[in-house]
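Take the two lone chains and join them into the complex the hints point to.
Just so you know, the protein sequences line up as chains A and B, in that order.
Just so you know, we're using my numbering here: the first sequence kicks off at 1 and counts up by one.
Just so you know, we're using my numbering here: the second sequence kicks off at 222 and counts up by one.
Everything labelled a hint here was simulated from the structure, so no lab data went into it.
No residue lacks a Cβ here, since even glycine has one placed at the ideal position from N, Cα and C.
Some hints could be false.
Claimed, not checked - Okay, the calculated bits of chain B under chain A, using three or more residues with CB under 8 Å as the criterion:
1) 254-265
2) 303-312
3) 358-367
4) 413-427
Said to hold, decoys possible - Residues from chain B that face chain A, not an exhaustive set, calculated with beta carbons under 10 Å:
5) 235
6) 282
7) 286
8) 287
9) 375
10) 377
11) 379
12) 403
13) 404
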Amino acid sequence: MDYAAQTAVFLLAQFPKLLAGFLITVGISAAAIPLALALGLALLAPRMAKSRPVRSATVGYVDLMRNTPLLVQIYLIYFGLPVLGFFPSEFTCGVAGIALQHGAFLVETYRAGIESISERQREAARAIGMNRFTAFRLVILPQAMMRILGPLGNQLIVLIKDTSLVSAIGVAELTMTGKVIIERSAASVEIFVAVALFYLVLTSVLGAAFRLIEHRVAERI
Amino acid sequence: MFNVLLGNLPYLLQGALVTLWLSVAVVGLGTLLGVGMGILATTRSRVAQTVVTGYIFVLRGIPVLVVMFLGYYAFPAFGLRVNIYVAVGLAQIVYLGAFVAEITRSAILSIPAGQIAAARSLGMRRPAILRQVILPQATRIAIAPLLNSALTAVKQTSYASVVGVWELTYAAREIVERTLAAFQIFIGVMAIYFLICYPLSLAARWSENRLSFSH
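Just chain B, same shape as in the assembly (with noise of 0.2 Å):
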């Protein structure tokens, strides 16, 4: 029964491969983006605040699928051309890169205030504090949740198959097409998905248990 499965399964593996490339593209590049808008965030600047504030509020507020049509439809209208992959994975870059931004944001925000005033009055500059002082002890409050949002975004790169992206959904919808065996397809390529979204899931449920500051 498995045998189709079976016979299709370099075809699958092709796709899988896609979706690593594209996974880490997406999760290495929105993290940076998302980091980078979080430590804007908590800078003095009033416009810096306001705009992340609203690129964090509006992309949050829609659907992935919906950026990826807006990142498909938009280098035409302007009249660029660019490759889906490229436009496609922008899209998903800016989506991941606000909740990541949020996650920065919030980590950053979470480190009391009276530590920043001792450094200071020890006559430290605010590049030395946010380095020496603050980043630390963020990254460690932000790591679970860093985590879970790449997991998100590696299973959101499925959605890119919608909009016509080429990677393992949409080889498994060919294979479905030209064979009519969908549950064997699809079950084979859930445990595709589910070997490479489990070890991140480990990594976040084991950061969550020894990385948080025990309350």
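Chain A extracted, bound-state conformation (with noise of 0.2 Å):
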């Protein structure tokens, strides 16, 4: 058999294990996301507050996520809760660590969209009687939404492509499965371009699930 023929038998044969790590990957993602997406809206009041010990400790927070490695965290997760007397599994720590890096970042995401909308509008809410809550809920909450979108997709890529990380840990997600293929045979190569595709083909429905659901929402505004 020629390279090409060669080459597809082998990646056929090892496609159901990848398909079993790529939805691991999915699994990944699933549980970080709404727990990152939950964790950025707890920060944005603490990040918004009037009190400056509460703003402050939120972007201190924020600050330590930005400024060290997501590895790290998973690292520190991971190794670090057994000392304390603390066992979770893998899977909880790699989530726990995204859903924590993730959080931070997601609340400056928020922060951005809602600051971006003009202070005049929840100016003249107020003058025609609406108090603070419905202010934001009708006035400022939905152009937020609009401007927010974006960067919310962006960031939920970046999400997906950081749970490749729990490999290091042993969870046996897509990065791992390809890792474990490669040891016990010598198509390398092949098998990391496959690894990339399957991800490459997560990362672009969301972009493009995101970028429709934008269209709709501008749609209604």
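Take a look at the structure:
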């Protein structure tokens, strides 16, 4: 058999394993995305609070997350918690690390969207008798959502790509699966090209979905 | 409790030095590659546009760790023996290049077409327009996102440890395997990364506020 045919047969034989790894990658993303979105939302009020200590503490957390590598954060959770007597699974540690990091990025995304809406709109809404909550809900939030969607989609794509780091603590997701297959065969580059394609499909589908949502929302407003 | 960190600090600082060198090389060469590709994407050549667009799309859609593995395995597959720092470093340069190319391209395209028409009507040629009209303004727009992409690249040098590159994070794992002092060592390592990254972060924030055109 020539090289192309051999490679095709080999990759087809490995496809079920890669697919299983891919599904775990999807699982990690599906677990981490809602947690990161929620953490970002939870941090939004303290991040924009009037009280300076509250605000500084939140900024401190965000800066710590932004200026240290996610891999080291995951190691700290995975190797550090057993020292304290907790033994969460590799999957849990990975999801927690990713959510803690991306929650910090998302709160800044949300805040930038909200602050991009002019102060005058808030004042106008208050002047026609809306209370602060109503003004936020009916005037600020819908417009901010529109501006947040683009950066939010980008951030979630980064999150999906970051799930590959969980391979470093031994979760059998897509990248790990690729590594394991290579250790037992010689076709190393081909396997990682296939792994890359799986990621590319996942991230471009999410990217396309976000562009679609953006268009739909833009039509409504 | 943090004696173990103090005792191993010299070893960690050696690792930090490697991280710094790797960062300087990756950010320098990756930015250079990306700016070149970004400018190429704004030329009239259809081929150049398609190639750069494809490059940006593919690289931005896959994890840097996977690109590092590809760099690691690609050279031996073609019968080449390359130092692991070069192989994984090149992978990171190519990866950062894609992000920088997109930043450069969109910064150049954000210059209003009217300015280019005006420059042409004054008799300026394309290279002169690029040098004197487009790039000075585009640089101002691109500087904050470029600093942010550099920050990301510095943090991503730690992922090279997964492929087997000895740097700060790898050194930390060695120490933790020996001493089991995961908390102290990884917190210390986070502090070292913070010291490297925070100035970049501050520079990015400063340029976002000062250099961006106010709307």
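These are the hints, each one checked on the structure:
1. 254-265: violated (count 0)
2. 303-312: Our answer is that it is violated, as 0 residues pass the Cβ test (under 8 Å) against chain A, missing three.
3. 358-367: violated (count 0)
4. 413-427: Holds: 5 residues of the stretch 413-427 of chain B have a Cβ under 8 Å from chain A.
5. 235: Status violated, d = 17 Å.
6. 282: Holds - the Cβ of residue 282(B) comes within 10 Å of chain A, reaching about 4 Å at its closest.
7. 286: Check passed: Cβ of residue 286(B) comes within 5 Å of chain A, closer than 10 Å.
8. 287: 5 Å, holds
9. 375: Check passed: Cβ of residue 375(B) comes within 9 Å of chain A, closer than 10 Å.
10. 377: Where the cut-off is 10 Å and the nearest Cβ of chain A is about 7 Å from residue 377(B), the hint holds.
11. 379: 4 Å, holds
12. 403: 4 Å, holds
13. 404: 5 Å, holds
Hint check: violations occur at hints 1, 2, 3 and 5; the rest are consistent with the structure.
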